[in-house]
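Asks: The residues making up each chain are set out below.
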Amino acid sequence: MADKFEPQIIGFCCKYCAYAAADLAGSMRLSYPSCIKIVQVPCTGRIDVIHILKAIEEGADGVMVAGCLEGECHFLTGNLKAKKRVKYVRKILEDIGIEPERVVMFNLSSAMGPRFAEIATEMADTIKKIGPSRVRS
Amino acid sequence: MIIAEKKPIGEIIQEVKGYKRLLILGCNECVTVCEAGGRKEVGTLASALRIYFMKEGVEKQIDERTLERQCDHEYLEEIRDIADQYDAILSLACGVGVQFTAEKYHTTPLIPGVNTCFLGANEQRGVWTERCQACGSCILARTGGICPISRCAKRVMNGPCGGSSKGKCEINKELDCAWQLIIDRLRDLGRLDDYEIVAPIKEWSTERSGGPRKVVRADVQVSA
Numbered sequence: 001m002a003d004k005f006e007p008q009i010i011g012f013c014c015k016y017c018a019y020a021a022a023d024l025a026g027s028m029r030l031s032y033p034s035c036i037k038i039v040q041v042p043c044t045g046r047i048d049v050i051h052i053l054k055a056i057e058e059g060a061d062g063v064m065v066a067g068c069l070e071g072e073c074h075f076l077t078g079n080l081k082a083k084k085r086v087k088y089v090r091k092i093l094e095d096i097g098i099e100p101e102r103v104v105m106f107n108l109s110s111a112m113g114p115r116f117a118e119i120a121t122e123m124a125d126t127i128k129k130i131g132p133s134r135v136r137s
Numbered sequence: 001m002i003i004a005e006k007k008p009i010g011e012i013i014q015e016v017k018g019y020k021r022l023l024i025l026g027c028n029e030c031v032t033v034c035e036a037g038g039r040k041e042v043g044t045l046a047s048a049l050r051i052y053f054m055k056e057g058v059e060k061q062i063d064e065r066t067l068e069r070q071c072d073h074e075y076l077e078e079i080r081d082i083a084d085q086y087d088a089i090l091s092l093a094c095g096v097g098v099q100f101t102a103e104k105y106h107t108t109p110l111i112p113g114v115n116t117c118f119l120g121a122n123e124q125r126g127v128w129t130e131r132c133q134a135c136g137s138c139i140l141a142r143t144g145g146i147c148p149i150s151r152c153a154k155r156v157m158n159g160p161c162g163g164s165s166k167g168k169c170e171i172n173k174e175l176d177c178a179w180q181l182i183i184d185r186l187r188d189l190g191r192l193d194d195y196e197i198v199a200p201i202k203e204w205s206t207e208r209s210g211g212p213r214k215v216v217r218a219d220v221q222v223s224a
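Chains A and B supply the protein sequences, listed in that same order.
Residue 124 in this note's numbering sits at position 124 of the first sequence, with consecutive numbering throughout.
Residue 90 in this note's numbering sits at position 90 of the second sequence, with consecutive numbering throughout.
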């Protein structure tokens with residue numbers, strides 16, 4: 001049963017780095033788990049607590065927020081704001097008895113295609129280990 | 001404005017777990033500005049509660065609504081037609097809003113979702129500090145616009161106590177001594193002589209010690 005579990009992971013990816021990196025991974029013919037559903041955002045600073053919570057509420061097993069390397073945000077500090085919000089969401093999840101590891105923030109640059117494939121795999125493995133979300137409407 | 005902070009979610013879960021249909025009611029005023037009970041916080045809390053109860057396998061209806069104010073009859077009337085559809089209302093307004101809603105919807109249980117803290121200012125995004133204790137007889141004119149009632153731990157009226165050191169208060173080294181601030185400002189205003197004037201005994205009956213207060217302005221009242 002556990003082997004059959006195919007997680008649903010929402011990946012909020014910044015247009016300037018992670019999304020481009022995912023694109024590059026594709027161009028490089030690198031494979032990464034198909035369970036990651038990518039949502040392009042103009043900057044991870046656009047991601048609010050409610051976006052992540054809604055993903056979990058709607059049944060996502062995991063959420064990854066992928067933004068630029070720290071200090072290299074196209075909008076200067078969007079990724080640092082996202083980092084704080086991810087931390088806040090993890091605290092909420094912990095308080096309501098959901099594994100906080102289901103929500104993770106990654107930082108990478110647009111040139112890091114292989115790294116994108118790596119973090120996507122890493123995220124899928126983490127969620128497979130935790131198991132399916134118990135939140136199902 | 002009134003400053004409040006969100007109650008721990010665990011406490012809220014304990015309070016609401018017995019109710020099947022719940023309305024989370026936000027307020028568009030002070031609690032929105034201090035990011036404790038506005039539309040956004042209503043959404044976040046509603047989502048977190050839905051996640052929790054779904055995970056527990058408990059079926060619950062959790063709806064969201066945010067009123068312009070919960071301390072005014074006319075805005076509270078906006079939920080008149082839907083209030084009885086809920087087993088309880090979880091209000092994210094300050095203590096005033098929660099009580100006013102409870103008075104208006106007498107048979108619906110009301111649960112507070114925030115802790116009302118003080119009257120304060122937006123120091124910076126995410127930081128609020130106390131500025132007023134609503135003592136009912138303002139003395140800011142002679143204290144250089146800095147309030148020793150709300151900003152001095154001892155509420156002393158005639159200069160700093162012995163616990164003032166290098167401009168900071170003895171209860172917390174981060175906290176400015178209110179009287180140091182008053183003296184500095186009076187000096188900058190060229191009014192340091194005012195500091196020598198002994199303050200008259202303060203009228204405390206206008207403060208809470210005189211019991212619950214009421215302000216009436218007959219000239220603006222609509223009813224005869």
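Note that these hints are calculated values from the structure, not bench results.
C-beta atoms are modelled at their ideal positions from N, C-alpha and C, and glycine is treated no differently.
Hints may contain errors.
As the list claims (entries may be wrong) - List time: in silico BS3-like cross-link candidates among lysine-lysine, alpha-carbon distance up to 30 Å: (1) Lys168/B with Lys91/A; (2) Lys6/B with Lys81/A; (3) Lys37/A with Lys83/A.
As the list claims (entries may be wrong) - Here are some of the chain B residues that sit facing chain A, going by a computed Cβ distance under 7 Å: (4) Gly10; (5) Gly43; (6) Thr44; (7) Ala48; (8) Arg50; (9) Ile51; (10) Tyr52; (11) Arg69; (12) Ile82; (13) Gln85.
Asks: Tell me the numbers of any earlier hints that the structure contravenes, in ascending order.
Replies: 1, 11, 12 and 13
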